[in-house]
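Given the sequences, and given the hints that come with them, work out the whole structure.
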Amino acid sequence: MVPFALSLLVLLPLVGAAIVLLIPKGQKSDSLIKWFAVVWSVIPLLLASYLWFVLFDPNASKMQFEEAYLWISSINVRYHVGVDGLSMPLVWLTTLLTVLGLFYSSYVIHERAREFFFMFLLLETGMIGVFVSLDFFLFYVFWELGLVPMYFLIAIWGHAEDRPQYSAIKFFLYTLVGSVLMLLAIIAMYINTSTATTPGTFDLIELATKRPFANDFVFASLAFWGIFLAFAIKVPLFPFHTWLPDAHTAAPTAGSVILAGILLKLGTYGFVRVLVPIFPQVFQANVLPIAILATISIVYGALVAMAQTDFKRLIAYSSVNHMGYVILGVAAAVAIGGANLTDRAIALNGAMLQMFNHGVITGALFFIVGILYERAHTRDLKSFGGLGAKTPVYGAILLTASFASLGLPGLAGFISEFMVFRGAFATLPLIATICVLGIVFGAAMMLWKVIQNVLLGVFDEKRWAEQEKHGVKLYDMTRFEVITLAPLLFLMVLIGVYPSVILNTLNTISVAILGQIVK
Amino acid sequence: MFNYAFLIPVFPLLAFALIIFFFNRNNRLSALTAVAGILLAGVLAYSVLFEAIGHGPELAEKPFFQVLLGFLQIPTGKEVFSVGVMIDPLAAVTLFMVTTVCLMIFIYSIGYMQHTHTDEHGHKHTTDDPRYARFFAYISLFACGMLGLVISSNLFELFLFWEIMGLCSYLLIGFWSTRLPHEHHIDDAQTVRAKIAGLKAFLTTRVGDTIFFVGLVFLYIQTRDLNFTAIFTEKTLHHLAETQALPGVPWVTLIALLILGGAIGKSAQFPLHIWLPDAMEGPTPVSALIHAATMVSAGVFLLARTFPLYLTAAQAGGPAMTVVALVGAFTALFAGTIGVAQDDIKRVLAYSTVSQLGFMVAALGIGAYVAGAFHLITHAFFKALLFLSAGSVIHGVGTNDMMNMGGLRKKMPITTTVFIIGALALAGIPPLAGFWSKDEILAHAFERMQHGDTIGTAVFVMLAVAAFFTAFYMTRQIFLTFFGEGRDHHAVEHAHESPQVMWMPLAVLAFFATTLGLVNAAPLGISFFGHFVGEYVLGIHEPLEHTPFNPMVAGSSVGIALVGIALGWLLYGRKPLKTGERDPLMSLGLVWKVLRNKYYLDEIYGVVIAQKEGPAGKTGTVESVRVQPGWLLQLVVWFAGVCFAFDKAVVDGTVNLAAAIGRAFSEVSAWVDQTFVDGAVNGVGWLANELGDGLKLIQTGRVQNYLVVAISGATIFVFWFMIVISR
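Top to bottom, those sequences are chains X and G. Positions 113 to 631 (my numbering) are the ones given, in order, by the first sequence. Positions 418 to 1144 (my numbering) are the ones given, in order, by the second sequence.
For the record, the hints were derived by calculation from the structure and aren't laboratory data. Be aware that a few hints might be false.
Claimed, not checked - Computed cross-link-like contacts, EDC-like style, restricted to lysine to aspartate or glutamate with a CA-CA straight-line distance of at most 16 Å:
1. K992(G) with E902(G)
2. K585(X) with D572(X)
3. K995(G) with D818(G)
4. K1065(G) with D422(X)
5. K574(X) with E600(G)
6. K479(G) with E952(G)
These numbers were taken from a predicted model, which means no experiment stands behind them.
Laid out in structure tokens, this is it:
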């Protein structure tokens, strides 16, 4: 046992951030900061790996590594943390992507390194905090904590031509609008659960058993939609998604990776952690509109992605498509109908796996875009061609990630898509039929727009040679870039052929969650 | 041996990984690794076949089944979804075919992927393809996909390997779609054509695959399992036949039709066949391996694998099998006629492949399970042989156009011999392999016709006519390519026999193309294949229909082939075409034009989806090949643009509007705040100030003034008080 394991996991990045601030100024302080931050960030990864692979019991549906202390006694706020099969993989992914993001950034961030690495570590604390919080108040604190560093990452290290100030403030305010409504719902639930003699509760586990507003459908709906909006913006679900392409495009590479890989998952995580267990009836009653929004996200997201000429924007919009599958899976899992536990469990497993897979695949794709942008100083898809011959390693990696993204069997994305569709066809057959279009458009989007334009064709040596005067030089992947991407590629293949490595963990918890709501 | 069968696809996979990660800079080692991988797989596959033969036909009813722990294992609620290895006679014979053909093609590729060019001094240089190692990596991965598909025990697992093959097909069709400026083994136009062909192939088959995918999902929902041994049981099949998917349509029919969608895409059946002729942009070994012998027949294999579903659907009264039969027979005839009027040596073979796949599909559709499977095996050998010999020709003369060939038999005697063997096998001349399998299909259709079955009659007629065209276009091809005088002296002069590494595999394939039919030669009293493969099918307890050998059908099928050959000889052999002479078929006028233009189907697709066009005069450059989108594609692109505009203007516009309103509101608030709120505060200050200023005037410092004010005030107060009291 590791005592205070989760608290350590939350605090370690924060301590690291503080140390980054304390490293004395000097000629070598930048490289010292970089190496310190990278090495330090490995500690949470090791800890999370140890927790998941060694100590974590995948067959237990209870919370594990729980810690609970009274924090603000007058309103019964507790510091209550713990992980289960839903949050453990996401915590691990957070620590992994942070290490990769920091490692990659240590090579490409040259300005204001101290602030960058400080913000990044602070962000990690916020994200892990959300995933381990079991008290809604605490959850909210970490939820907001994650906003601030991301705001600065976009605003300060964004590319000047992508309107970083605008994008950053848009990201911040948009999320905040949702947060405020969520806060109202949290307070309402607290008041509803309190009685004349006992205080209310913020505890997520308790709320799931007490089910606030159980007899008041109108209030329950209000609270549900308040929280729904906060999460839907984060996911992002159509029509709350327009902050995403701006924020993604403007953010520095590692920022985009974290944004796509983890921050979007906060929304879908909230769906499964909060909305499904606490408001099952309201969710069931509103499955159709939610599934329709997911459908629009899937089809419309793919179409809009197809219309992009900017590589990074295309990947950003593809996230709208991919995250739509997650919501479709969740909706399918709780939909009313004759489906039994197995059908629902498959859908929810698929949704949860899709969260993880999207983090891995789209995270990798953002690295891949960033790597190309570092060299070419452009992301215009039309300006490339022939890179499959010129830069074979880059070509192979882009090819793998693209095919994972379009759901090629043998790679991670397919397993989760299959399971989502397997669940959705059982409970929402009509919606699922429309969503199948997303598969075809998804393939067209990656092959036609990305691979055809970037990798195939004749390499225009003259044009690029001319560009070299402007500091543009196309060369194949360097060692640190390969090292950054290797773990993600490995995960794509591993989950693609050996999905039980993670699905065993997810399945336990989806059975537990759905067992609560399905008779 | 069965216990180790799972290793069969692992060896090529290992070869792929070794080449990609370690040997990619060493061409020889890469090729050697690939060959070694497939050789090991082959040794294992042969021993599996022998063991399977030892088990006899009962193996079909009780196939070897082994769960692979971990691999694709998916916990689903309280159940676990597992996949594994299944060996039955069909898998065993297909393994034998795939490994043999793959091995021959791998060896051939060692020579084929070297390019010879002549420099300005007339010296010949042989160089490896710039991406030689990558080629062997891709074909190894492909072999893994095909072999994995064959031993799959589960439809989900089969789909996984199915798509891996699709990926390899995409990569290999587009193998020459990228080049650096200093590489000259291909020209720019070819890169563009290869790029388009790859995309077309992937997306076309993707349409079929998506339909298959939906069928897979429905089957999974209905049966709660996808293992063949679990779904092909009497109970499950009965359940599928009894429950309705749509009013009047049982699940089994719907699922069978959806799965057929996948087969239509992969096996290039009408109307999704359009990708296969374009796929010939890939290197010839790829055409032989993927687009003739193995991957395209995976669609047929899928139909054979899920044959119990189709039988059940037919028993339930659904049209699934009829659709299969008609799609196959129509494709066989349709593609066969197109093949007559093509000049590209590989495209003739491509249409021939489409046509022959139609034969197999039609066979399964009329219930001739054994004949379909048998044709799948024999066709793989002689079609691979034909493609590789065509590749040998192309390698020698440097062109695909048969109109520029002629007279090659003197320069390339071995190639000519093996090509003729392959062609005769394809045309169905006894005792070569194609005769036995094709004859069995025709005999079965004839049997159905005799029982007064309309579908059987239609299938028989279409296939018989297709068989005639097969013989005719092969004869035309032989005479145009190998006989007469060379029509393009430049090309024919440089022709040379291919190196040993290329013709040795041809000889091996020719051996099989000659003899393999004898494993199921009914008149000779041999029915080994039919007995072994077709005695039983999983989940179906009635014995399969077996076709007795029918000398009349055999005689007429040979007769039809001979007529086709004779006609070919009359038109092309008796008086070989000379330079500049017109194709004698051109005198057919409109018919020729229609066939030449493939029934204008490309144009129809062009109007709807997209058309590839290359204006004359600019050959060889990137600009010479263009894609003209059709209305559907334009619609999708337009709609995507509309969505994007909507996203920017409306969705994001609302967000920005909200922000603008917020800002405007804050501006107004600021103004109100400054003018009124702060104005009031300032006003108070101002008032106080002014008051002070005013009041200070009365602070005169004179006591008299103060006294006057005090007394006046007191007086007013007293008066007011009195007024108030008096009320």
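How the hints compare with the structure:
1. K992(G) with E902(G): holds (11 Å)
2. K585(X) with D572(X): Answer holds: K585(X) to D572(X) is near 13 Å, not above 16 Å.
3. K995(G) with D818(G): holds (14 Å)
4. K1065(G) with D422(X): Within the cut-off at roughly 15 Å; holds.
5. K574(X) with E600(G): holds (15 Å)
6. K479(G) with E952(G): holds (12 Å)
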